[in-house]
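Asker: So the chains spell out like this:
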Amino acid sequence: MSKKEIGLALLLIVIGGITAALNPLFLSGVNLLNMANLIGLFGIFAIGQGLIIITGGIDLSVGSIFALLGVVLVDLLVNFELAWPLAVLAVLGAGLVLGLLHGLLVTRLKLQPFVVTLCGLLIYRGIARYYTQDSTIGFGYAGAELDTLAWLASGRSLGIPNPFLILLLVAGVMAVVLHRTVFGRHLYAVGRNEEAARHSGINTDGVIMGAYLLGGGLAGLATVLLVFYTSSVSPSSFGSFYELYAIAAAVLGGCSLRGGEGSILGIVLGTVLLQILQNLVNILGIPSSLNFAVMGAVILMGVIADRQLGLRRQRIQMTRSQPAAAE
Amino acid sequence: MAPLLELKGIGKSYPGVRALDGVDLCLEAGEVLGLIGENGAGKSTLMKILGGVLPPSEGRIRIAGRDRASLSVAEASAAGIAFVHQELNLFDNLDVAGNVLFGRESVRGGPLRLLDRRAAAARVAPLLRRLGADFAPETPVAELSIAQRQLVEIARALAAEARIIILDEPTSSLTLSETARLLSVVKELRTGGTGLIYITHRLGEIIDCADRVVCLRDGRLAGALPREEIAHAAMIRLMIGRELRALYAPPGRAAGAGGLEARGLVTPAFPGQAVDLHVRPGEILGLAGLVGAGRTSLARSLFGLDPPLGGAVLLDGRPLRLASPREAVEAGIYLVPEDRKRDGLVLDMPIVENVTLASAPAYARFGLIRRAAEWAASEAQRAALRIRAPDSAARVGDLSGGNQQKVVLARWLSMAPRVILLDEPTRGIDVGAKGEIYALMRALADRGVAILMISSDMEEVLGVSDRILVMHEGRISGGLEREGFSEQAVLRLAIGEVPAPDAAGQQESLPA
Numbered sequence: 001m002s003k004k005e006i007g008l009a010l011l012l013i014v015i016g017g018i019t020a021a022l023n024p025l026f027l028s029g030v031n032l033l034n035m036a037n038l039i040g041l042f043g044i045f046a047i048g049q050g051l052i053i054i055t056g057g058i059d060l061s062v063g064s065i066f067a068l069l070g071v072v073l074v075d076l077l078v079n080f081e082l083a084w085p086l087a088v089l090a091v092l093g094a095g096l097v098l099g100l101l102h103g104l105l106v107t108r109l110k111l112q113p114f115v116v117t118l119c120g121l122l123i124y125r126g127i128a129r130y131y132t133q134d135s136t137i138g139f140g141y142a143g144a145e146l147d148t149l150a151w152l153a154s155g156r157s158l159g160i161p162n163p164f165l166i167l168l169l170v171a172g173v174m175a176v177v178l179h180r181t182v183f184g185r186h187l188y189a190v191g192r193n194e195e196a197a198r199h200s201g202i203n204t205d206g207v208i209m210g211a212y213l214l215g216g217g218l219a220g221l222a223t224v225l226l227v228f229y230t231s232s233v234s235p236s237s238f239g240s241f242y243e244l245y246a247i248a249a250a251v252l253g254g255c256s257l258r259g260g261e262g263s264i265l266g267i268v269l270g271t272v273l274l275q276i277l278q279n280l281v282n283i284l285g286i287p288s289s290l291n292f293a294v295m296g297a298v299i300l301m302g303v304i305a306d307r308q309l310g311l312r313r314q315r316i317q318m319t320r321s322q323p324a325a326a327e
Numbered sequence: 328m329a330p331l332l333e334l335k336g337i338g339k340s341y342p343g344v345r346a347l348d349g350v351d352l353c354l355e356a357g358e359v360l361g362l363i364g365e366n367g368a369g370k371s372t373l374m375k376i377l378g379g380v381l382p383p384s385e386g387r388i389r390i391a392g393r394d395r396a397s398l399s400v401a402e403a404s405a406a407g408i409a410f411v412h413q414e415l416n417l418f419d420n421l422d423v424a425g426n427v428l429f430g431r432e433s434v435r436g437g438p439l440r441l442l443d444r445r446a447a448a449a450r451v452a453p454l455l456r457r458l459g460a461d462f463a464p465e466t467p468v469a470e471l472s473i474a475q476r477q478l479v480e481i482a483r484a485l486a487a488e489a490r491i492i493i494l495d496e497p498t499s500s501l502t503l504s505e506t507a508r509l510l511s512v513v514k515e516l517r518t519g520g521t522g523l524i525y526i527t528h529r530l531g532e533i534i535d536c537a538d539r540v541v542c543l544r545d546g547r548l549a550g551a552l553p554r555e556e557i558a559h560a561a562m563i564r565l566m567i568g569r570e571l572r573a574l575y576a577p578p579g580r581a582a583g584a585g586g587l588e589a590r591g592l593v594t595p596a597f598p599g600q601a602v603d604l605h606v607r608p609g610e611i612l613g614l615a616g617l618v619g620a621g622r623t624s625l626a627r628s629l630f631g632l633d634p635p636l637g638g639a640v641l642l643d644g645r646p647l648r649l650a651s652p653r654e655a656v657e658a659g660i661y662l663v664p665e666d667r668k669r670d671g672l673v674l675d676m677p678i679v680e681n682v683t684l685a686s687a688p689a690y691a692r693f694g695l696i697r698r699a700a701e702w703a704a705s706e707a708q709r710a711a712l713r714i715r716a717p718d719s720a721a722r723v724g725d726l727s728g729g730n731q732q733k734v735v736l737a738r739w740l741s742m743a744p745r746v747i748l749l750d751e752p753t754r755g756i757d758v759g760a761k762g763e764i765y766a767l768m769r770a771l772a773d774r775g776v777a778i779l780m781i782s783s784d785m786e787e788v789l790g791v792s793d794r795i796l797v798m799h800e801g802r803i804s805g806g807l808e809r810e811g812f813s814e815q816a817v818l819r820l821a822i823g824e825v826p827a828p829d830a831a832g833q834q835e836s837l838p839a
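From first to last, the protein sequence lines stand for chains A and B.
At position 64 of the first sequence the residue is numbered 64 (the numbering used here), and the sequence of numbers has no breaks.
At position 373 of the second sequence the residue is numbered 700 (the numbering used here), and the sequence of numbers has no breaks.
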């Protein structure tokens with residue numbers, strides 16, 4: 001664990017402790033399981049977001065992808081009566097395709113990731129709303145054949161919500177990919193210094209594309225889980241602002257928007273912290289209209305603290321390494 | 328009458344480097360002073376001091392009879408000093424008048440300070456007429472040629488009522504007729520009483536317009552020539568003539584056959600020039616020339632960074648397709664870039680990850696990097712190259728310049744080099760580490776690696792190379808064999824002095 005992750009874990013414990021002291025219900029089984037479920041849902045696409053942020057990019061389109069792919073999923077299952085494994089594959093594939101599209105626009109046409117995904121945010125939501133004529137669609141009386149999928153996406157195993165287990169799986173796999181593989185090494189190198197990576201013969205465009213592809217795939221996976229969490233999709237609001245949760249979780253977890261920094265553990269911890277903050281607002285009886293304000297304030301404080309600590313560390317390092325650098 | 332500008336005993340020291348030492352300079356009104364010297368002689372440092380960008384370590388600056396220890400940028404421009412740079416400093420999103428009057432705009436509307444375009448055009452038009460410009464004040468700068476932009480810079484100096492105008496390599500990107508126009512503008516300004524400092528490598532222009540020449544060499548004043556003594560030979564004599572240390576270590580083996588060959592290579596930087604060169608295994612080929620002669624663009628093309636517009640690159644007689652550095656690296660052609668912090672290293676990463684950056688797949692099994700294997704490889708390189716750091720976990724950004732350069736070299740040495748292109752391999756590196764890097768280059772050559780070394784450091788070019796090619800404005804202006812090495816010969820080729828030099832370059836590059 002890096003210093004950042006330890007700091008974040010400590011912050012989690014402190015905030016959790018205070019909340020529990022003020023209202024013991026915070027630690028009740030129901031509440032914890034409910035939080036675990038949400039952490040699972042949000043953590044999966046926060047990891048995708050984090051990978052893209054490590055390349056120095058950003059993905060603003062995630063929330064709208066949920067709306068579009070959510071509509072597609074419900075439509076395939078209910079109206080086209082497609083077998084659920086095929087429908088899930090179609091949604092995952094569509095997520096990958098959108099990620100690939102973003103990656104191509106960013107690397108081949110050299111468009112800014114912010115602009116590309118901002119346009120995605122507008123376009124995907126617009127298509128979803130047009131296709132459904134802005135009406136909510138759900139599973140209605142779609143029968144028992146969806147039970148397996150519903151259980152996978154929103155049920156529990158050994159009492160633990162499946163989305164949380166899926167997050168653990170995804171985080172485990174992505175931690176290996178990011179921290180142990182050649183691709184992960186190249187991802188950090190491209191994020192920190194794309195020129196040097198290019199001068200080393202690394203296919204920098206391919207690496208960046210890979211991050212968008214993974215981000216799209218994880219967004220597809222998250223869509224399936226989110227749809228079964230709400231069991232219906234209102235295209236105008238489904239998933240809206242979720243891209244910002246993901247960015248916030250990644251930044252809280254130590255990703256720098258300049259790229260080249262961040263870890264899977266950090267992103268997961270960031271997601272946990274965000275969910276605790278959400279929960280704290282409910283459980284402490286703070287007006288829920290203040291929800292966003294609380295979140296924003298904590299993130300701001302976290303980033304300021306991190307910056308100050310970073311500067312201090314740098315100064316200490318400077319004074320320490322001066323004699324060495326003089327040779 | 329007191330001179331416009333008088334510098335007395337200007338010195339500038341950096342840790343370990345004496346960039347300027349006791350330089351005296353004086354400029355009269357209505358005089359064109361030519362300033363010459365090799366790359367790194369201290370010309371730009373001196374000009375930065377005059378522009379207020381750098382404070383001198385010692386000495387006095389006397390402008391219009393007033394003494395100062397140093398200048399700020401604002402003071403320099405208030406004192407009437409204006410620069411016309413080789414990289415132009417114009418806002419190409421504004422029009423000509425907006426640039427010329429930048430910071431002293433015509434305004435109307437009292438406190439609203441609205442821009443008065445008509446008044447601006449009226450102020451700028453006479454200046455443009457005086458310079459013989461063929462464009463209007465309303466023309467967007469983005470539409471102007473480089474020569475026209477230079478006139479805009481001069482107009483800006485005139486609008487600021489500059490009494491001292493410093494032209495830094497003003498003709499490096501101009502055509503002959505544009506150069507002639509600029510020289511007539513210079514003469515016109517001199518007649519008007521402005522003092523001009525004219526910095527150039529093109530000695531012919533100095534002969535044409537300078538009233539006096541001053542030459543810098545190794546940060547010191549090498550000498551001055553009055554108007555009647557200005558001539559090519561005299562100027563070259565002033566520019567060279569320092570004692571060079573003996574650095575040369577002869578090769579341990581004869582240069583082999585094959586190696587890297589460029590045939591009629593056209594780089595994007597000089598689309599009108601084709602370059603032929605041939606570096607053989609076991610030799611160090613020095614590539615000399617002035618800054619901007621096209622050496623770096625050539626290396627970038629050979630490494631696939633700027634894919635060539637035409638011609639062929641061959642390795643051991645086999646043609647290569649170089650669309651990106653990936654192909655070059657796969658073929659065993661490696662580049663040690665000029666700006667190692669920007670292009671060579673990931674400063675936030677430890678030594679080990681920088682060493683294996685280009686070869687991570689070689690340390691991986693099933694896509695997973697074997698940390699122990701890459702650590703062992705990095706530690707072996709660290710020991711072999713004597714990189715001074717506690718271990719391979721040290722952050723590269725914390726190392727000294729020499730050790731950073733060794734990390735870049737370690738990356739390539741840990742692989743299978745066939746050809747190594749080094750661009751200014753010892754820039755910003757202290758003397759001790761320089762010697763180690765030269766020794767490494769020789770050891771590599773003796774292992775059968777072909778080495779192309781771009782260098783602007785004369786001592787390095789003459790002291791390290793087995794053979795030298797010189798570039799001038801995008802083409803090879805000539806080649807020298809070891810016995811023909813001299814500072815004078817390199818310099819003459821670098822400033823394009825030798826007529827019809829193509830033949831020499833081409834003979835060099837034909838396979839034996």
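Since the hints were derived computationally from the structure, they do not count as laboratory data.
Among the hints, a few may not be true.
Pairs of lysine-lysine, DSBU-like flavour, derived with a Cα cap of 35 Å [to be verified]: (1) B:Lys514 with A:Lys4; (2) B:Lys335 with A:Lys3; (3) B:Lys668 with B:Lys375; (4) B:Lys761 with B:Lys375; (5) A:Lys110 with B:Lys668; (6) B:Lys514 with B:Lys335; (7) B:Lys761 with B:Lys668; (8) B:Lys335 with B:Lys761; (9) B:Lys375 with B:Lys514.
Asker: Does each hint hold? Answer for all of them.
Answerer: Results for each hint:
This hinted pair does not check out: Lys514 of chain B and Lys4 of chain A have alpha carbons roughly 65 Å apart, beyond 35 Å. Restraint check for Lys335 of chain B and Lys3 of chain A: the C-alpha separation of about 54 Å exceeds 35 Å, so the hint is violated. For the hint linking Lys668 of chain B to Lys375 of chain B, the alpha-carbon distance of about 23 Å falls within 35 Å, and the restraint holds. Taking the CA atoms of Lys761 of chain B and Lys375 of chain B, the gap is about 27 Å. The hint holds against a cut of 35 Å.
Taking the CA atoms of Lys110 of chain A and Lys668 of chain B, the gap is near 23 Å; set against the 35 Å cutoff, the hint holds. Under the criterion of a C-alpha separation no larger than 35 Å, the hint pairing Lys514 of chain B with Lys335 of chain B is consistent with the structure, at around 27 Å. For the hint pairing Lys761 of chain B with Lys668 of chain B, the CA-to-CA distance comes to about 18 Å; that is within 35 Å, so the pair holds. Between Lys335 of chain B and Lys761 of chain B, the direct Cα distance comes to roughly 33 Å. Compliance with the 35 Å bound is thereby established for this hinted pair.
Proposed proximity of Lys375 of chain B and Lys514 of chain B is supported: the alpha carbons are some 24 Å apart, at most 35 Å.
Hint check: violations occur at hints 1 and 2; the rest are consistent with the structure.
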